[in-house]
Every structure is written in C-alpha cells, then in structure tokens.
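Asks: Take a look at the letters that make up each chain.
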Amino acid sequence: MIIKGGIVYDPANGIYGEEMDLFVDQGRMAEQAKGEEIDARGLLVMPGGVDAHSHIAGKKVNTGRIMRPDDSRQGTQSRTSVCRPSTGYTVPNCYAMGYRYARMGYTTAFEAATPILEARHTHEELAEIPIIDKGALTLFGSNWQVMECVRDKDLSKLAAYVAWGLRAARGYGVKIVNPGGGEAWGFGGNVKGINDTVPGFDVTPAEIIRGLAKANEMLHLPHSIHLHFNNLGKPGNYTTAIETLDLLRDIKPSRMRQIVHVTHMQFSAYGGTSWRDFESKAPVIADYFNNHNHATMDMGQLLFGSATTMTADAPLEYGNARLTHNKWSNHDIELEESSGVVPMTYFRKMLVNAVQWAIGLELALLVKDPWKILMTTDSPNGSPFVNYPEVITLLMSKPKRDAEMATLHEQVPKRTTLAGIERELDWTDIAIMTRAAPARILGLQDKGHLGTGADGDVTVYNLRPEEVDASQDHALVKKALANALYTIKGGVVVSKEGQILATPPGRTFWVDAAVPPADADRLMLDLEDKFAKYYSIQLSNYAVQDAYLPHAKAIRAGLPVEPLPEVA
Amino acid sequence: MSEATLIKDAVCSFCGCLCDDIDVEVEGGKVQRVKHACRLGSSKIMGHGRIESPMIRKEGVLVACSFQEAYDRAAQILLMANKPLMYGWASTSCEAGKKGILLAEEVGAVFDTTATVCHGPSVIGIEEKGLPGATLGQVKNRADTIVFWGCNPAEAHPRHSLRYSSNACGRFTPQGRKGRKIIVVDVRETRTAKNADKFISITPGCDYEVISALRMLVAGKGDNVPEEVGGVSKADLADLAATLKAAKFGAVFFGLGITHSRGRYKNIDNALSLVAELNQHSKFVIMPMRGHYNVGGIGQVLAWSSGYPMSVDFARGMPYFNPGETAACDLLARGDTDAAMVIAADAVSNFPRTTAQALAKIPVIQIDPYENPTTLLSEVVIPCAIAGVEAEGTAYRMDGLALRLRKMVDSGFPSDEEILIGILESVQKQRLLKANEEA
Amino acid sequence: MRTITITPREEFRISVEAENISSDKFASLNIEQIKSLAVWQGNRQKALSDLFAIEGDDAPATAEEITIRLLGDFSSVKRIAEGMTAGLVEVQGSVGMHAGNNMKGGLLSITGDADDWLAREMRGGKVVVMGDAGNYVGSGYRGEKCGMRGGEIEIKGSAGAYVGEHLCGGSISIGGNAGDFPGAANQGGTIFIGGSTYLPGAEMSKGAITVKGEAKVLPSFQKMEIVQIDGVDFQKYAGDLVDNGKGELLVGVGSS
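If you read the protein sequences in the order shown, they are chains B, S and Z. So for the first sequence, this note's numbering puts the first residue at 10; every next one is plus one. So for the second sequence, this note's numbering puts the first residue at 100; every next one is plus one. So for the third sequence, this note's numbering puts the first residue at 260; every next one is plus one.
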C-alpha cells in the first residue's frame, strides 16, 4: 500500500508536518511497496492512535453494562454485512469498542486494570473487540503476596511474583491502584495516606509503591509501574501526589523511560480542604513534572455529560455512590483487590465538575513537554473515549475554551488558572500525546510511529494542516477527528469516513518476564500455601490458558534473558 | 483410552458453585470414579441416559437422521420464522453462547436464558441499584456474619457452605463455622435453616416490607416500625439489624425464595439498598445463588456482545432489551413467537404450564445431551457432547469468576458450539441459495 | 383538520412494531407516502399498507391538525403514537405495548384497553384509556432514574403493577384498582387511585399518591393526621423514610 502525498506528523522520527509518501508492506511500514494507493494529498497523516489507559474489557466494564441498560440503549446501531451490532455510550459492547476506536483513527488501546484472578474474563472480552491491538495492565497494589514480599523486604521474590502474575494474567504491566486501600476495603476501611499502615499486613502504601517500582525495574519491563494515587478524587490530594512522586526519584530506570506513569492526573490535582473550597492545584503538579524527569502522566480529562466511573479504588466508588445517591456496584477480589462501578453525570453548572474539567486542560497546557502527558479521559470515568476529539480541540483552541468557560459555573476562573492560559497545542503536540508518547511510555516499539518496520497503522484525517486554523476552525477539526478519512490497521483500510470496511482481529500484547529459577521456586511454596488455605480455586485452574489469547503477542523481559533494546 | 487416567482439579459443571477441586478417574473412555464432588455433581459427571441420534419429526414421529439433515431442518425453521426464540444456554459453555448470539443476530431471533425463570428479577434489581458483591473467596476469608435469604444451599448447592461460606476457614476466619453467625430468612424451616444460628420465619410474599423495616432499623429510625412486620416481631428485626451492623464482614446470599415471591425484582432492589446502607456501619456484600452452572456466564457473554445480560430481541437487527416484553415467558404467554430453539435447558419442565403449552404450538429445535419433556414436543432433536465433561470451554461461577471447563472423555457427539456452527452455516447456505433463485 | 383512518388487514399472530403511526410522522406526507412508511413484524420489515388499510385526506398538514383514527384490533400493535408532539390519535379498540411512549404533546385516546408500558417516559400531552391498562403505566425504561416527566394519563378502569415507577412529574389517575408498587421511587409526580392497591410509594422521595380504597402501607411510612378531601377521610402518611423521602401518601379511611 502507498499513502501518497500526506502531511505527515511522526514526531518519534523527527517528522513534523512534512509532505511525503508512506509505504506499507505485509502489514508493516516499509521503504517501498506496491499495491493499493491512498490519496492523502495535503491531508493530515499520523500513526494510528494509541490509548494507554482506557477501561475497555473485563468484569468492571461488563458490570457497567449489566447495571446500565439505560446506557446500553444509547448509540445502538444495527448489524451490517461487516459489523456486529453496536450498543452503549459510556459502556459500549465489545464490537462498538473496536469500531469506535477505529473510526477515530486509533488502532491500539490498553485496558487499564485487571485483577489476576479475573484476567480470564478480561481476555474473553479483549478477544471479542475487533480491529484494534490491545493489552491489559495487571493489578498488584493490594495483593497479599505483594504486601508480604514488601513486608519481608524480599525484592527478588517480589519480582518473581510480578513475573508470575503477569504470566498468569497474560498481563502487560504493573498497575497499582490506591495501594493497600483495596485490602483495607476488605473490611470496609481505607488507607488515608502513603504512610498509613495497611491493616493486617504491616506495610504502607509507600513501601508497596517503592517495592513494585523496584521489582518492575529488576524485570526490565517495557512499561513502568502505572499508578493511581492514594486519596484520588479527594480535595487537597495534590500533596499525596507530590509525596508519592518524591518517593520514586532515586530509583534507576532499567530502560529509557519513566519510572512511574501516573494515570488520570486530573483526579489527583485537587486543592482545598473540602468540596466547598475545592480548587485546582494543576499548576503545582505541572511545575513538578516540568522540573522532574522520572514521571509521566495522562490527563484523565473530564467532560460534561454522562460517564460511568469504574475503578479498583472501591472506597472511592462507595463515596461517589453515597454522594450522588446513585447505583453502586462493588466487587472485592479475594487476596488481590477491590473495585467499584458507579454511573455519573457531570454538570457545567456544578462548580466541582467545572473545576475538574478545567484541571485536566490546565495540566495538558502547563506541562511543557508533550512527551510527559497523554491525552486520555480515563474512559469512561471522565468521559467515554468517543469524546477524544472534543478534548483535542479544547487543547488546540483558546477561543473554544473561552466559549466553553462562558457556559460554566462563574467561579471557575477564580478556582483555576485556565482562563489565563494562552497556549494552543499544535499537530506535533497532538501526535505526540495521542501516538508517539503513549507508545513510548508503554514500551511498544512498533507503535506510535511510522519508521520502517513499525506496524502499518496509519491514520489519514480529512484536514489540511497547512490551511486549517485549528484555533478558529475547531468545529471542523473536531468533525474530522471523529471520523478519520482512512484508518489503516496493519496495512488494511479498516475504516473510511466513519464506515467500517474490515474487522480483522487485533493482537493482544503481554509480557513474559523470566526470573531466576531459585526465586520462582521460593515463590511457589508461598503460592501453594495460599491456594491451599485462602483462594477459592485451585492453583492449577488459576492462570489464563492460551485458548483465551487467539492472537497473542508476547514480549519478553526479565532476567536472565537479555534486556530489551532500549526505546529511542 | 483403555489405560486409567486421573484428571485432577476438574471443574464440576453442575451448579453455580463450579467446584474446581474434582478428581475424575477415566478408563476405557468412560468416567469411572468422581472424587470430592457432591451427589448432584457426581451424578452429572458420571453421566446417564443420552439421546442417541439426531432426529426429525416426520408424520408426528421422531425419526433418526444425520446431523447435517438436522442442521438443515433447524436452519429452515429459523429462517422461516418471523420471530424465533432461542432459549436456554445455562448448562453449556460460553463458547456455545457466543455462536448462539451470532446465530440469533443472523436470523433475527430473541435470545433468552434460563435467568428469565430464576434470577431474572435479580438482574432487574441490579439495574436499579447495582450489585455490591465480592468473589466467594472473600467471604471465605473474611465473613463473620452470613445471611441466607430465600435460598437453601444445603439442598441446592451442597458444597457451598464448606468451600465458600458457613464452614469455610480462611485468613481472618480460622475457626470456620464456630466463628460465624449464620442467619436464615425464609418462609419455611429448610435444612439450611436448621443448621443456622438464627432462623427468621417470614410470611410468604412479605420480603419487601421486612427489608424496608430492616433498613429503618439499621438507620436508627426504628421508632416508626410497627410491632410486627411480615410475620416477624419488631424485637427480632431489631436484633437482626443489630447483628448485621455489628458484623466485621457480612454476606447476604439470596435465592428464588425472594426473587419469585410477591414483589419480585423490587425485593432484590430493596435488599441491594439494605446492603449498600449496611456499608455505612460494617462491610457487607450480597450475591445471588445461581443455579445452573453457567447461567452467570451466558449473562456475561450476552452483556459484552449486546449490552444486555438476558432477554435480548435481535429481530430488528439491533439489540433491544425489555424483560416483561422480550423474555421467553413473555413471548410464549402472548403467543408472540413462531419457532423456538431450546438448548442446554429443559424449557417444558422449567416454564409455567401455560407457557410450556405454547411451545407445543410452534416448531421446536432441541439441542441437548439428554432426553427430557422438551424432547417430546420437538420437531428437531440434536444430541450434543456434554460441556464440561466431553467438551472444554468457559463457565462463570455464581460470583462472576470465569473458569475453564475440562474435557474429561471423548464423545462421538459434536459440541454445542459445533452444532451451532453447523446450523449457522446451513442458514447462510440456504439464504444464498434463495437469493440466487430470486436473482 | 386532516383525518386518516387505519384498519388492520388481519389478526396479527406476531406483534407489530409501528412507531411510525403518529401524527408527527404523518404530518408532511401524503397518503401514498404514509402507506410506504416502515413497520416491523418480528424480523420482517414491511410497509404500513402491507398490514393496514389506510385512507383519509391526502394533503399534508401540521401534526396539530391531524387526527389518526385506529379502527379494529390493535392489541398486538406496539409503539403507537410514540414521541408524538401534537394532534390526536384516537383508538377505537385496544392497543399493544408502549402506546404513547415518550409522548410530548397531543392526545392519545383509547376506547378499549392498553397493554404494558403505556406512555413510558411521557413528557407532555394527554393519554386517556376508557378500559384497563397493563403494567408500568407512565414508568421509565429499565435502569433509568426517571420515568414520566410531564403530561397527564387517565385510566378509567384498573391498571397493573408498577404504575408510575420512577415518576418525575405529571399526573396519573386510575379509576379502579392498581397492582403492586404504584409510585415506586416517585420523585415528584402525582398519582390518584380510585380503588385499592398494595405497597404504594416505595422509596418515593417527593410527589403525592392518593388511594381512595384500601392499601397495604409500608412500615417505612410515618402515620400522620387524618385529612378530609371532598368530605372523605384519608389517613395521611409521610415517606418513604428509608430514603428520607418527603412524599405524601393518602389512603382512604373506611370508604369501603
């Protein structure tokens, strides 16, 4: 395939809006190729989008569907000769997940949180999502085995467990949510700060985070730890954020990447002592990121309207449900985690929601280096992913932001700095925040760029970057981003002008990290004991079987195998 | 296969407990011994009378035929129908369910599961309030207070108490049964009730009021509660409320006694609120006692495929969900379906009599390993391998945990999944033929 | 005034979904165009005229000026007058499920009975049923917080269970008895029941329910004073206190 004459943004390869032809051969970017010609003359061309944090599959998402027929009836589309039916807005069915990402020009999305015990379910859904490549991050933050290794300061056993857990879950990376809090929630409690002791385990969240970060680097995992802070969603929590980030400054990365990826930063950049004096601390957080290089983040932008919150931070969800008097699902997972799901509507005229909206944008505009911040909505927590074009246009257009601000609660300019921020992101920034940076942060070498050998995932938008003024013509830009002119996945046109043309199955990435056999043996004694006494299933039935990953792509890591080549 | 082999840690495909510690001895291609399973599970795995051959009804009599003939006739029936119903799915694998949903989309059918006659009301209750739950191991390791409401695991889920609930020992529950308070709420003193610390007998149909009274008492608004509610004295209710509030970790398990008594989904709706409110005082979870081993799994598959966990109408090409209108019983009671496929369930035995009679008026396709009353009125009968014994696949436990079913022995029969693929291919072939004829 | 008459050509064994039978849908169309509007019978899409005989004034008119007269048995025809904003739909007989779904204005009048989900999620306008109605009169969709938000429903006969579930506004009047749980989760609408019922107002937070006959009242309602309306004594209750509700429930005293 030849994609002719596009204005190409491929920041990972130092290409910032150059007119050039692209070639895809046998599913990969190539120097030369023959075959189908795509006319992209003068149009915006980028690598396929990569979403590093989205809730797309597994028990939580399905719980959202089951408790929300009111949501499932939104966005219903009939079956066609190519497509299965689509349903849902914040919690779409599996098919709609794939189609909607593809329409927007995205070709990769990572599920944000899977307990090992329930990974089989996650993979059942991932396998059913068409088109896009995917992976799932694995939850470790309230896991008994993890906490015991941390308590015993047995790092090599911890690393062995992380490797074993990733293999059992067919997981991609280490996700930590409100560390220790999931265990405390087992008896209805929570941890209040990073130095609070987890009941019954004699460890603190700080120790868990540091332990897992070190284990992560011992294993040379492609991705860093992926962290949802303690105290998330609470006024005044920015101090917890800074404290936690400071914990990790001295850890050496095993690869050219961050030590920690902080997810949905918006929910952790809050000042004030209560919802009454609630205010943005985005400038403090942005400052920290501008002055340190060990951390990256994603926005977790909130948009007005319907959302479904879902997280392993179960106490937070219980609080949300009580506060909004809404439906509440909770799901505790023996020995490993807890979680909750609560539907939510965000209102323009509600001060807290309006400030939250502004905080996400402040973060993205105040962090100077776009490689440090990804565009996300923590879909569907802040808003479903179909609204990414709205977020992007807000970042690219000051007039759009001003127009929005005028419709919000009048206190927003006093509680945030957004009104005074002039910066408008350009296509390079956007290409980094939605393609190059998520791929680099995840450690996906063949994603997010268009260099030779990269995956043949290319998006052509019906926009002329050299003519259109994204600041003024934001409505036009938003429309173009919502339905790519062409979305090419692995060299196949999967979507054209919003119409799905082909639904190849996507691959599922997982990380297979080797550890010294002696450590694995020591670990197994612990695990055999846990399964004999505490788990409700047998050890032999625990790990996800190969049958659940029909299109698996294993990435090797760990010791004593050679470390992975470093990402440029 | 003549040498004896031992299959360890097999998953029992009988009830929603999905016990996964079963040892099975196989010799000569047959299951010889089953260890650790309860009587119900053991009997299922050992096997019993099977339908021997596919059959088609000719001049009123079921006559043996080839599988392909059966697939073609089944496909023809589905294609002819204006509103076919595809019902069952609780006793087969998720993989079969996936193919079934695809077939339902293809022929524009209504897809419904046995939940419609068991925990359907629970699903509707969950749609109102959400489900505060946990995996069963969480109950085993933490629960000091357990309430069984309108369910009788001693008879229906024999190993539940030992593996997961009353008698299970775990990290924070080393004393097992001794360290727990077990409370049973029911309209009669069941075997489960006899083993409980406290049995609360309520007047049939009064669950909703009793729960409302408990919510008042838990919230400290007991002054308003009358001296007796639903056959229970206020003193007993106050005592129960105090016990629930004092729990370190409480769990409510509920069954058909509450989902199918007067109030139905409203009972569950109210119970879910009670549990949510109890979390202001103590840790509490609640979950339905699912009967058929994979009734939960088909709900999961249907939800991620269509957005809804049961009673999905694909007639217009897009999923539409409205139990009360789109459930199997609703359609049959109104005569609003003109063909049915019954798979992995015995509709005739499960449905109310008048509803079952409606099945006799329309062509029925049965897919099942066993002959049952549904066979008697079927037009096409297709025997299948027994999922979880003769075919592998996925099932979801009553707490939503997915487990992989093993294949223990070979079978001469195709799996449900293979049969559905056969019918689907026949549908596509016949449709193409018709299109060509018309062209 | 433009009048259009619709008569079923046959007795429907499989129910028909006919959301296109509404004054809004007919407004800009001539008779031929109306005849070719889509209806569904099970998985078969058909033209309106395949299933119904249609006659009447040919010239398009605004919805307000339209009267649709349905003659014959429509008890298996669903979604009649769905989303209607103005005009008159007059049924001389009974209607199937979901008549007047999401109605915003106009009048839907039914001389026979109405099946379940009459005027689900109604916003405005008026529905009158001379006979009985099924379950879920003026209720919401599964999982939604709000059912009917406005308008008026009048049932001369009796109604099934769950009348006005999740009612957020408007008024429903039932001449006879109502089934279980009328006004559950009422958030501000009014329900009048001429006969008796069972457990009214469960989890109501606002609004009012009046039951002239007998009603079993939940233990979470607080007994208030006796009030007199038109010379009849009613026991007043406040609730539902499980949710600190501020609803008002009136139940007739010794009226029987």
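Keep in mind that the hints are not guaranteed to be accurate.
Claimed, not checked - EDC-like, lysine to aspartate or glutamate: derived pairs with alpha carbons at most 20 Å apart: (1) Z:Lys495 / S:Glu205; (2) S:Lys320 / Z:Glu270; (3) Z:Lys305 / S:Glu327; (4) B:Lys539 / S:Asp120; (5) Z:Lys305 / S:Asp322; (6) Z:Lys475 / S:Glu205; (7) S:Lys107 / B:Glu537; (8) B:Lys539 / S:Asp108; (9) S:Lys506 / B:Asp555.
Claimed, not checked - Just a sample of chain S residues kept apart from chain B, beta carbon distances all over 10 Å, derived: (10) Gly128; (11) Gly148; (12) Ala253.
If you're looking for bench data, these hints aren't it; they were derived computationally from the structure. The structure presented is a predicted model; accordingly, all values stated were derived computationally and were not measured. Ideal placement from N, C-alpha and C gives every residue a C-beta, glycine not left out.
Asks: If you draw a straight line from the CA of lysine 305 (chain Z) to the CA of aspartate 322 (chain S), is it 20 Å or shorter?
Replies: violated, 61 Å
Asks: Please work out if lysine 539 (chain B) and aspartate 120 (chain S) have their alpha carbons no farther apart than 20 Å.
Replies: holds, 15 Å
Asks: Need the status of pair lysine 107 (chain S), glutamate 537 (chain B): alpha-carbon distance at most 20 Å?
Replies: holds, 15 Å
Asks: Need the status of pair lysine 539 (chain B), aspartate 108 (chain S): alpha-carbon distance at most 20 Å?
Replies: holds, 16 Å
Asks: Hint check: lysine 475 (chain Z) vs glutamate 205 (chain S), CA-CA at most 20 Å. Holds or violated?
Replies: Since the Cα atoms of lysine 475 (chain Z) and glutamate 205 (chain S) sit roughly 48 Å apart, the hinted pair is violated (cutoff 20 Å).
Asks: Is the nearest Cβ of chain B still more than 10 Å from the Cβ of glycine 128 (chain S)?
Replies: Non-interface label on glycine 128 (chain S) holds, nearest chain B Cβ at 23 Å vs cutoff 10 Å.
Asks: Was alanine 253 (chain S) rightly flagged as not at the interface, with every chain B Cβ beyond 10 Å?
Replies: holds, 19 Å
Asks: Please check whether the beta-carbon of glycine 148 (chain S) is more than 10 Å away from every beta-carbon in chain B.
Replies: holds, 30 Å
Asks: Sort out whether glutamate 270 (chain Z) lies within 20 Å of lysine 320 (chain S), counting only the CA atoms.
Replies: Roughly 56 Å between the alpha carbons, so the hint for lysine 320 (chain S) and glutamate 270 (chain Z) is violated.
Asks: Against the 20 Å threshold, does the CA-CA distance of lysine 506 (chain S) and aspartate 555 (chain B) hold or violate the hint?
Replies: Distance of about 16 Å is within 20 Å: holds.
Asks: Going straight from one Cα to the other, do lysine 305 (chain Z) and glutamate 327 (chain S) come out at no more than 20 Å?
Replies: Measuring from Cα to Cα gives roughly 58 Å; hence the hint is violated.
Asks: Decide if the proposed pair is consistent with the structure: lysine 495 (chain Z) and glutamate 205 (chain S), CA atoms, cutoff 20 Å inclusive.
Replies: Judged against 20 Å, a Cα distance of about 56 Å means the pair is violated.
The structure shown violates the earlier hints numbered 1, 2, 3, 5 and 6.
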